[in-house]
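Take these sequences, add in the hints, and give me the full structure.
2 protein chains.
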Amino acid sequence: MIPLTPLAASLPSTVPFVGPEAQERARGAPFRARLGANENAFGTSPRAIEAMARAAAEAWQYGDPENFDLKSAIAEHYGVPAARIGVGEGIDGLLQVITRLFVTDGTPVVTSAGAYPTFNYHVNGFGGRLVTVPYRDDREDIDALLDAARREKAALIYLANPDNPMGTWHDADALRRLIEDIPEHAVLLLDEAYVEFAPAAAQLAMSVEHPRLIRLRTFSKAYGLAGMRVGYAVTTPEMASAFDKVRNHFGVNRVAQAGALAALQDHKFFRRMLADVHAAKVRIGAIAAAHGMTALPSATNFVALDTGFDGTVARALVAALSARGVFVRMPFVAPQDRCIRVAAGPDELLDVLDAELGAALAEATSVVAVAG
Amino acid sequence: MIPLTPLAASLPSTVPFVGPEAQERARGAPFRARLGANENAFGTSPRAIEAMARAAAEAWQYGDPENFDLKSAIAEHYGVPAARIGVGEGIDGLLQVITRLFVTDGTPVVTSAGAYPTFNYHVNGFGGRLVTVPYRDDREDIDALLDAARREKAALIYLANPDNPMGTWHDADALRRLIEDIPEHAVLLLDEAYVEFAPAAAQLAMSVEHPRLIRLRTFSKAYGLAGMRVGYAVTTPEMASAFDKVRNHFGVNRVAQAGALAALQDHKFFRRMLADVHAAKVRIGAIAAAHGMTALPSATNFVALDTGFDGTVARALVAALSARGVFVRMPFVAPQDRCIRVAAGPDELLDVLDAELGAALAEATSVVAVAG
Numbered sequence: 001m002i003p004l005t006p007l008a009a010s011l012p013s014t015v016p017f018v019g020p021e022a023q024e025r026a027r028g029a030p031f032r033a034r035l036g037a038n039e040n041a042f043g044t045s046p047r048a049i050e051a052m053a054r055a056a057a058e059a060w061q062y063g064d065p066e067n068f069d070l071k072s073a074i075a076e077h078y079g080v081p082a083a084r085i086g087v088g089e090g091i092d093g094l095l096q097v098i099t100r101l102f103v104t105d106g107t108p109v110v111t112s113a114g115a116y117p118t119f120n121y122h123v124n125g126f127g128g129r130l131v132t133v134p135y136r137d138d139r140e141d142i143d144a145l146l147d148a149a150r151r152e153k154a155a156l157i158y159l160a161n162p163d164n165p166m167g168t169w170h171d172a173d174a175l176r177r178l179i180e181d182i183p184e185h186a187v188l189l190l191d192e193a194y195v196e197f198a199p200a201a202a203q204l205a206m207s208v209e210h211p212r213l214i215r216l217r218t219f220s221k222a223y224g225l226a227g228m229r230v231g232y233a234v235t236t237p238e239m240a241s242a243f244d245k246v247r248n249h250f251g252v253n254r255v256a257q258a259g260a261l262a263a264l265q266d267h268k269f270f271r272r273m274l275a276d277v278h279a280a281k282v283r284i285g286a287i288a289a290a291h292g293m294t295a296l297p298s299a300t301n302f303v304a305l306d307t308g309f310d311g312t313v314a315r316a317l318v319a320a321l322s323a324r325g326v327f328v329r330m331p332f333v334a335p336q337d338r339c340i341r342v343a344a345g346p347d348e349l350l351d352v353l354d355a356e357l358g359a360a361l362a363e364a365t366s367v368v369a370v371a372g
Numbered sequence: 001m002i003p004l005t006p007l008a009a010s011l012p013s014t015v016p017f018v019g020p021e022a023q024e025r026a027r028g029a030p031f032r033a034r035l036g037a038n039e040n041a042f043g044t045s046p047r048a049i050e051a052m053a054r055a056a057a058e059a060w061q062y063g064d065p066e067n068f069d070l071k072s073a074i075a076e077h078y079g080v081p082a083a084r085i086g087v088g089e090g091i092d093g094l095l096q097v098i099t100r101l102f103v104t105d106g107t108p109v110v111t112s113a114g115a116y117p118t119f120n121y122h123v124n125g126f127g128g129r130l131v132t133v134p135y136r137d138d139r140e141d142i143d144a145l146l147d148a149a150r151r152e153k154a155a156l157i158y159l160a161n162p163d164n165p166m167g168t169w170h171d172a173d174a175l176r177r178l179i180e181d182i183p184e185h186a187v188l189l190l191d192e193a194y195v196e197f198a199p200a201a202a203q204l205a206m207s208v209e210h211p212r213l214i215r216l217r218t219f220s221k222a223y224g225l226a227g228m229r230v231g232y233a234v235t236t237p238e239m240a241s242a243f244d245k246v247r248n249h250f251g252v253n254r255v256a257q258a259g260a261l262a263a264l265q266d267h268k269f270f271r272r273m274l275a276d277v278h279a280a281k282v283r284i285g286a287i288a289a290a291h292g293m294t295a296l297p298s299a300t301n302f303v304a305l306d307t308g309f310d311g312t313v314a315r316a317l318v319a320a321l322s323a324r325g326v327f328v329r330m331p332f333v334a335p336q337d338r339c340i341r342v343a344a345g346p347d348e349l350l351d352v353l354d355a356e357l358g359a360a361l362a363e364a365t366s367v368v369a370v371a372g
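Top line first, the protein sequences correspond to chains F and D. Each residue of the first sequence is one higher than the last, beginning at 1 in the working numbering. Each residue of the second sequence is one higher than the last, beginning at 1 in the working numbering.
Read the hints as simulated data drawn from the structure, not as lab findings. Hints may be right or wrong, so weigh each one.
Unchecked claim - Derived contacts from chain D toward chain F, CB cut-off under 10 angstroms, selection only:
1) A55
2) Q61
3) G90
4) Q96
5) F102
6) T107
7) T118
8) F126
9) L130
10) A201
11) Q203
12) A205
13) V208
14) R212
15) M228
Claimed, not checked - Quick partial rundown of chain D residues pointing at chain F, CB under 7 angstroms, derived from the structure:
16) L11
17) A37
18) A57
19) E89
20) T104
As the list claims (entries may be wrong) - Derived Cβ-Cβ restraints for the label pairs, each shown as a range:
21) P117(D) / P12(F): 45 to 53 angstroms
22) R129(D) / P81(F): 34 to 42 angstroms
23) E209(D) / G28(F): 29 to 37 angstroms
24) P30(F) / H278(D): 39 to 47 angstroms
25) P117(D) / V18(F): 48 to 56 angstroms
26) P12(F) / A22(D): 35 to 43 angstroms
27) D181(D) / A9(F): 18 to 26 angstroms
By construction, the Cβ of each residue, glycine as well, lies at the ideal position given by its N, Cα and C atoms.
See the structure below:
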């Protein structure tokens, strides 16, 4: 017996997501199309890759624990003071810091049923009590989130805009009203991991401030640096400074800082990437339509494809695609779990999806028909 | 007001170490000799640098959250089962995971006064109660640590072997006796960050197991990858699996995993690095002796240099060296704070130390004499 805290003893040894590598080890072959983790298969700015290769030669030195250069560049990018920025090991790392600051035994926290599981993992990990509200028309339901937060006296409200896993969004006006209505007992976490892909109307100005608002952004998606673990919060100086109470000060790796800085400054690559992602999403929609599936409107770099069936068929479809070398994932709860989720990527990856989707769908529907 | 937990509200926004970059920003110039963070200035295996540069091009993909390849390689390196290995974001990241598993409000934790401050930061951060025992003859005092742990019913005992900041060590026999005596209520954290530099007699065999023993090792020091944040625990499968309850599963960056794997396998570079570090420590001792200072015996990649004065002079010396472009640090508590701590490095860095030490020491002693 090891003397774990009562909370730690009560937690499962769990994992929010099984990685594609584990699936590849299980199936004994690499995926031919890695489209399941909302990664940016259009890759990373060549200037960022070069900056990381250069920084690798200095990897014997710790990274700057204050992330000064990166913070300054982010602040300049948005025209906000650097004191409003907090940098962390991806949004996942920041969610850990933030839940740790606000959640203890029994703290009520409000999110949507089927929203980001890693947030739930951290809330549970600090002993919080998750209160969930359902999606409404495949979007997170702002009014229901607010109602639940007021009713439960929640300390945290989580909203992703655009949403993962559905790709749907709310316009900036709706967000502005939500922010005006943040209850006094609550901090709003606005997870904007995918916001760079969103239409202008869904992009809330960075000048919008509130003492209990934390906006989370990342280099993992639009900047193609998922593997480097760099995210940031834009919030108040008071909040950003509170992160220093508990964060792993040397946690953001030196090469990651260099890569993020260079990626942020490569506007040309960024613009082409946005166009490539848009075209790929159009093609994913066409591939889906050719097999009787419907693409939901998407403000992200992925598309939720409505199978027209239920979660059982969608799960069978994910498995059948995986067996054929196509890695995708799907929403966790009904009725969103009628969909599968496919990330934008270059044509050579979408060709594989195109070639395999028909047979995989036939297999998924027949397996389920037999089982039924 | 933001609704922090009572524990979070009670914590200072602190930083265990001010980074050299912050000092460089303050002095308006880069250091000429970066010898203060126990980094390995002999650098990283060229094979590891190449592996990282290659991996940078795949940075759009998340790293394997199971760290499978790296774990397997570490297991093979030591001839132990992979289930005994837990990988994390440096020893700092692992210390956060471990304190979180074992420390809650008021949990007693035993360490040495003046030992690793980042461990203390995490213990305080989870509300633990630190109980410290003094060093004895510049070494951590195993008997005193055990006595305090029994008296306080401590949940964690922290011992670094070799020790940081003094560079001193205990032989494997003493460690074996300590491990046999771990109280039933306690887990022993044996921090072996510097063990690869230690004499064979101070290297405890990896076959030594105990249900409440966690050994911590890192790629930051001997493998020259401080900037990449990769550490690992060798412990029981039960303990390693408990890490999965709370760790940031995608936290170890993809490029870092690739670099650590390649560094572990470059035995030739490793052997030459050990010889280089040894020679540099001899030279640091000679430089110190030429200015009337004494090098303590060191089982690490750094040397504690006894100034022959007290903490006031040593602090003034660290400041005077910093003003002259030489970054070093020093122990935090008396009487160890009579020393400064200098990392091994190539001759061009030690040349700077050699050139500046005399004047810096004269300045430090005269300033203190005037102040006195």
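The hints, checked one at a time:
no., hint, verdict
1, A55, "8 angstroms, holds"
2, Q61, "5 angstroms, holds"
3, G90, "7 angstroms, holds"
4, Q96, "6 angstroms, holds"
5, F102, "6 angstroms, holds"
6, T107, "7 angstroms, holds"
7, T118, "8 angstroms, holds"
8, F126, "8 angstroms, holds"
9, L130, "16 angstroms, violated"
10, A201, "28 angstroms, violated"
11, Q203, "23 angstroms, violated"
12, A205, "22 angstroms, violated"
13, V208, "17 angstroms, violated"
14, R212, "6 angstroms, holds"
15, M228, "5 angstroms, holds"
16, L11, "4 angstroms, holds"
17, A37, "6 angstroms, holds"
18, A57, "5 angstroms, holds"
19, E89, "6 angstroms, holds"
20, T104, "4 angstroms, holds"
21, P117(D) / P12(F): 45 to 53 angstroms, "32 angstroms, violated"
22, R129(D) / P81(F): 34 to 42 angstroms, "38 angstroms, holds"
23, E209(D) / G28(F): 29 to 37 angstroms, "32 angstroms, holds"
24, P30(F) / H278(D): 39 to 47 angstroms, "43 angstroms, holds"
25, P117(D) / V18(F): 48 to 56 angstroms, "37 angstroms, violated"
26, P12(F) / A22(D): 35 to 43 angstroms, "40 angstroms, holds"
27, D181(D) / A9(F): 18 to 26 angstroms, "25 angstroms, holds"
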